[in-house]
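*Asks:* As you go down the protein sequences, you meet chains P and D in turn. Going letter by letter, the first sequence gives residues 47 to 363 in this note's numbering. Going letter by letter, the second sequence gives residues 1273 to 1455 in this note's numbering.
Be aware that one or more of the hints could be misleading.
Looking from chain D toward chain P, a few residues come up when the C-beta cut is under 10 Å (computed) [stated by the list, open to error]: (1) Phe1302; (2) Asn1358; (3) Arg1361; (4) Gly1395.
Calculated from the structure, these hints are not laboratory results. None of the values given here were measured: they were computed from a predicted structure. Don't be surprised by glycine CBs; every beta carbon is placed ideally from N, CA and C.
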Amino acid sequence: MMSELSVRHLLGIKDVTEEDIQLIFKTADQFKEVINRPIKKVPSLRDITIANLFFENSTRTRLSFELAEKRLSADVVNFSASSSSVSKGETLIDTVNNILSMKVDMVVMRHPHPGAAQFLSKHIDANIVNAGDGTHEHPTQALLDAYSIRERLGDVAGKKVVIVGDILHSRVALSNIFCLQKLGAEVMVCGPSTLIPKYIHTLGVKVEHNLDRALEWCDVANMLRVQHERMDIKYFPSIREYTMQYGVNMERLRKLERPITIMHPGPINRGVEITSEVADSEQALILQQVENGVAIRMAVLYLLANQGLVQKDDKLS
Amino acid sequence: MVTKNLIGPKEINVILHRLACQLVENHGDFKDTVLIGLQPRGIPFIERLIEVLSNTYGVKDIPIGRLDTTFYRDDFRRRGAPLSANQTRIDFLVEGKRVVFVDDVLFTGRSIRAALDAVLSFGRPAEIELMVLVDRRFSRELPIQPDYVGRQVDSIASERVLVEWDDERNENRVSIVESGNDE
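The following block holds chain D by itself, in its conformation from the complex:
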């Protein structure tokens, strides 16, 4: 197993600020905007994004949701071990809202497809945008592209892109793991 570091803690911080700025640029006062983190790995990312938005850019009280897509996936009964479900918590209707999905890694696009399906249970949003920390380009299986990208990386299917969050030791990082026989 070979691990290659892609992004270090300092760069992640810069990226978080840039993504926050882009959101502010596009959404202004965030009047109708809601952010939805995709379970499980979008949650630590969205938490840090919110922190930056409120501490540095004074954007407070944006409605935040957590969406789990397990029951909407298209690979149910087609993969060896089933995924276990995580909590969905959306305390508002998305009807007429500008929704931004937040996730850590965009790979085949299938989780996003499931999320598009899932969010409709909470109403019909005015629009849906996608923000990802890492975009594994050239690996998409569906016509889905992100609107806000932290970093684009080129990787092959046998590699895994790993995002690790460790604020206490200031060791947030993104790395590529060559796992050989995985997937």
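Same shape as in the complex, but just chain P:
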């Protein structure tokens, strides 16, 4: 089996191969064991400095990355846009160059603009991990979602996954579609037509507007959050109407012939896309997703860190 990724940066799932994903999963299996030990730390990245650049709010992803970095013994510097010179008008490339002058080996970046990670990777030497760029991709989320499905159902290949909700504004949806398809799963998107991108079927996904039919079809339902902050116009008449049409509750799940698995990338709007009863039930994978997130991010950072030096050597010779 391959022990090296085919990429130097993790910008999106679109750029990686199925073998890359399997290698990340296999490495994450070992890290999952590590984070359940009495001492949850390994010294692998002890000579690596990682900058977490968060130009957009995040709690879970940022904590998860920071924890993963610390469990790998990397040195970590944090940066968030609200408390920085970005508000003084500095450009992205200047901010990042300044941080790199401090000899940073890897950059984990979240940015509100699609393609920001791509842009960065063309201009600087460090390994980039995209932690979400606007409405484009959120690769580590997709990896941990697929990893959680693999853990619960044994395999991703052949499974039917429906992604429900705000597909239009969701980087999680796009990364999930690429990732699940690469691993051989069937993907459907479900939501009000105002929140489904017009040409989404060209990616090879099914489109369904009726949640009950979608739930009947699937093995796994991934419930996305309604992203009010990205909506500058009304996409549906009211939250209450959205919940009636696209919110998953116990009543809906009990009607199904077989139990399905419920996922949610967080943060949950309890009572909007998912009721508390469902979120806290056995069928929900939500907290396992969070735990797996740390293992997956450790695997990604570990594997990319190795790429860094090999490439730099190539350049020297």
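Following the hints, put chain D in place on chain P, whose structure we already have.
*Replies:* Leaving out everything else, chain D in the frame of chain P:
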């Protein structure tokens, strides 16, 4: 590529029995002793050792662990192709235990250094011993020596010592491979 056989199936069997006897001699009833096989190549060796210990010497129920040292190695980012990690499975705390590491070949001592580091994540052992099937002497880069040795061999760095296990055809053997440009 030239292959030279060092130890055949019969001798390996004798060595396994001798090492098992030495363990019994030093550890008695194995009350606080745990055996830890180093991934990946220490595992087939430790499995056979356990078989001999329980079938011939009546020593049963010793806690066995598997330890992978990939994340503790000191050559991360310094070798061309990274190693892929194997499973670590230690279902007990090593706190206060007498730990015996079991591996197939001792060469530079760097894997053992990583293992010493790694095992501390599971507690502070009372002592750690090292058992190896083959000791490539005069090639150590660190001050690490085995406590139980199957066979000492003299070899040069360009040679590889290969341990192959094949019980079904009774072809367990240790050989030296001269690979020329390897390493």
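*Asks:* The structure should be examined with respect to each hint, and the outcome stated for every one.
*Replies:* Hints and how they fare:
1. Phe1302: 23 Å, violated
2. Asn1358: Hint on D/Asn1358: holds, closest Cβ of chain P at ~7 Å, below 10 Å.
3. Arg1361: Where the cut-off is 10 Å and the nearest Cβ of chain P is about 8 Å from D/Arg1361, the hint holds.
4. Gly1395: 7 Å, holds
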